[in-house]
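Number of protein chains: 2
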Amino acid sequence: MELSRPYLLFLGDVPDALAAKTALGIVDWRRDWCVGQWRLPGCNADTGLPEMTAAEAVAAGAKTMIIGVVNAGGKLPDHWVDSIVEAMAAGLDVAAGLHQRLGAVPAIAAAAAKYGRTLSDVRHSVERFETGKGTKRAGMRLLTVGTDCSIGKKYTALALEAGMRAAGIDARFCATGQTGVFISGRGAAIDAVVADFISGAAEWLSPETEPHVWQVVEGQGSLFHPSFAGVSLGLLHGSQPDAFVVCHEPTRTTMRNVKTPLPTIQEVIDMTVALGRLTNPAIRPVGIAINTHALGETEAKATLEAAAAAHDLPATDPVRFGVANIVDKLKAEFSL
Amino acid sequence: MELSRPYLLFLGDVPDALAAKTALGIVDWRRDWCVGQWRLPGCNADTGLPEMTAAEAVAAGAKTMIIGVVNAGGKLPDHWVDSIVEAMAAGLDVAAGLHQRLGAVPAIAAAAAKYGRTLSDVRHSVERFETGKGTKRAGMRLLTVGTDCSIGKKYTALALEAGMRAAGIDARFCATGQTGVFISGRGAAIDAVVADFISGAAEWLSPETEPHVWQVVEGQGSLFHPSFAGVSLGLLHGSQPDAFVVCHEPTRTTMRNVKTPLPTIQEVIDMTVALGRLTNPAIRPVGIAINTHALGETEAKATLEAAAAAHDLPATDPVRFGVANIVDKLKAEFSL
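In order, the protein sequences belong to chains H and Y. As numbered in the working numbering, residues 1 to 336 make up the first sequence, in order. As numbered in the working numbering, residues 1001 to 1336 make up the second sequence, in order.
To be clear, the hints were calculated from the coordinates, so they are not data collected in a lab. All C-beta atoms, glycine included, are put in the ideal place defined by N, C-alpha and C. Take the hints with a grain of salt, since some may be wrong.
Stated by the list, open to error - DSS-like, lysine-lysine: derived pairs with alpha carbons at most 30 Å apart: (1) Lys-133/H - Lys-1259/Y; (2) Lys-136/H - Lys-1259/Y; (3) Lys-133/H - Lys-1075/Y; (4) Lys-329/H - Lys-136/H; (5) Lys-259/H - Lys-1133/Y; (6) Lys-1136/Y - Lys-75/H; (7) Lys-331/H - Lys-301/H; (8) Lys-1063/Y - Lys-1114/Y; (9) Lys-136/H - Lys-1075/Y; (10) Lys-1136/Y - Lys-259/H; (11) Lys-1136/Y - Lys-1331/Y; (12) Lys-1133/Y - Lys-75/H; (13) Lys-1301/Y - Lys-1331/Y; (14) Lys-329/H - Lys-301/H.
Unchecked claim - Under 10 Å between C-beta atoms, here's a sample of chain H residues computed to sit facing chain Y: (15) Gly-74; (16) Thr-131; (17) Ile-190; (18) Val-194; (19) Ser-199; (20) Gly-200; (21) Gln-220; (22) Gly-221; (23) Phe-224; (24) Gly-234; (25) Gly-238; (26) Gln-240; (27) Asn-257; (28) Pro-263; (29) Leu-278; (30) Thr-279.
Using the sequences and the hints given, assemble the complete structure.
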């Protein structure tokens, strides 16, 4: 899959920033690929990019409009269809990561045909996967896991890839979700794979490599999330990580979109080891990534120090303080 | 979904009885719906039904040919296509539970159109599922779990449904796999659901009921199987069982189609409770179902006695000795 760049990011009228995490993630990691954002009245998310209509974006050089949102169930709201048609009329291809295919909406399919535009659904991989085998592959792997969905697993993986490379490690980000695929240009949205093939897809996503290569696999969901734990477990088994980093947000009390309380970091560590050792008996935690966005500087540092002491692991907020301490731990733990 | 009966069971040239478990399961529970079996040279499975060609089956009243096999990956072998076309020419509809749709094979699609026959893919539900919510639903649920795939979870659930009904309990089998759907006439193949919706599909499969009703949910895979554990976990979370029964086969050393050793019954009990309490804190084991087919009578009884003593739970081989002891335990445990 190769999308034409640069991008116009479409945010629709999503109710909050979390719902626009696809667009925000693209801007965080590939700002120079984006010319602007297009928001509808009522939108409560903001990437900070210039506001543009589709026509203005085309004038600024944009080639593809990315539907930069996620919503539970992955359905496309009916009142966004006119904007998508308008984008194609203006000259843009359209890409999305929804469960529902863009081309399944008759008006969108008709406009794509009329204007000769390309529709890309990154959540619908053209790959055919095998069932997982569970056998050990050469190369090293790190997986980010979490106490919830939407808690920094992708961001942490991308920050670790950058930090490990800066430290001389041959690190390679493995995208497992729609935003990651937009950012890396390869990968597959593992939550859209047929259930029988989750771990098989994870094996395909982090294939055998030379022994010194570290694949940094973007985690999905949480083993403790009642909607998505099956995806998280299949990804854990298939990616057979040597190391994992736990991602957490300390002010959240219930898991995203459900009433289930968040597990503790220790519960996530224990369960990840208990389940992960099925395909890698040497699995171990190497750090904790805490999103301290809601905390002041002093409180943030105290929170990180407390987590580090409680779990005897380096703790950081990758956005605020970088990931050097986790990279140092990884180097020490694996003699890199 | 409603299939016309009676059935002709097509076994192809599968290498062993496990690969024909769909056909064998239908015969075990709905013998009177079946007129015969059709096997190709080299087939090593046998349902005991009369051998018939498609034409002979039509003469005997058959309405639908069931592709009664499973194979890793769910693909239809090319050399079965001629037989499927021949069945339609003779007058039969065709139903299968493979991942690959029957209609995706051009020759099969063409024959269905030419002869006006119906193709049914029970693994491709027409239902649209929501993501799982994790909230408690009224009614009681029992889930069968296992130390491996293909180890008796469906059979045990059907035997428990029958035994519980005989004991005056309003028990209702919930099919979650292709054979179960063929047997019950409803349900969905949960391993064919898109990964994001596994637990949501499980919630749909065992909906809210009157408080006294027991839904007996057919388990899938194993939490310890590196190919399918994600499916097992989503089913566990979505079905939120009050009670579970562990299924086991004592002579098996590695899990089906992989090199991973079998977990112990105790490991399965502990992990099922540890993970299952997320959506039902009261989850508890009520019995052990051991497939003693490979053991003599004395050894079988000794194996069951040892398992019962080791885990302080009733143990039985549902095929050989029935499930009365597990039903008794359930009645005592839940004051039924």
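Okay, the hints, checked on the actual structure:
no. : hint                    : in the structure
1   : Lys-133/H - Lys-1259/Y  : 8 Å, holds
2   : Lys-136/H - Lys-1259/Y  : 11 Å, holds
3   : Lys-133/H - Lys-1075/Y  : 17 Å, holds
4   : Lys-329/H - Lys-136/H   : 24 Å, holds
5   : Lys-259/H - Lys-1133/Y  : 8 Å, holds
6   : Lys-1136/Y - Lys-75/H   : 25 Å, holds
7   : Lys-331/H - Lys-301/H   : 23 Å, holds
8   : Lys-1063/Y - Lys-1114/Y : 17 Å, holds
9   : Lys-136/H - Lys-1075/Y  : 25 Å, holds
10  : Lys-1136/Y - Lys-259/H  : 11 Å, holds
11  : Lys-1136/Y - Lys-1331/Y : 22 Å, holds
12  : Lys-1133/Y - Lys-75/H   : 17 Å, holds
13  : Lys-1301/Y - Lys-1331/Y : 23 Å, holds
14  : Lys-329/H - Lys-301/H   : 19 Å, holds
15  : Gly-74                  : 7 Å, holds
16  : Thr-131                 : 4 Å, holds
17  : Ile-190                 : 7 Å, holds
18  : Val-194                 : 6 Å, holds
19  : Ser-199                 : 6 Å, holds
20  : Gly-200                 : 7 Å, holds
21  : Gln-220                 : 9 Å, holds
22  : Gly-221                 : 9 Å, holds
23  : Phe-224                 : 6 Å, holds
24  : Gly-234                 : 3 Å, holds
25  : Gly-238                 : 8 Å, holds
26  : Gln-240                 : 9 Å, holds
27  : Asn-257                 : 7 Å, holds
28  : Pro-263                 : 9 Å, holds
29  : Leu-278                 : 6 Å, holds
30  : Thr-279                 : 5 Å, holds
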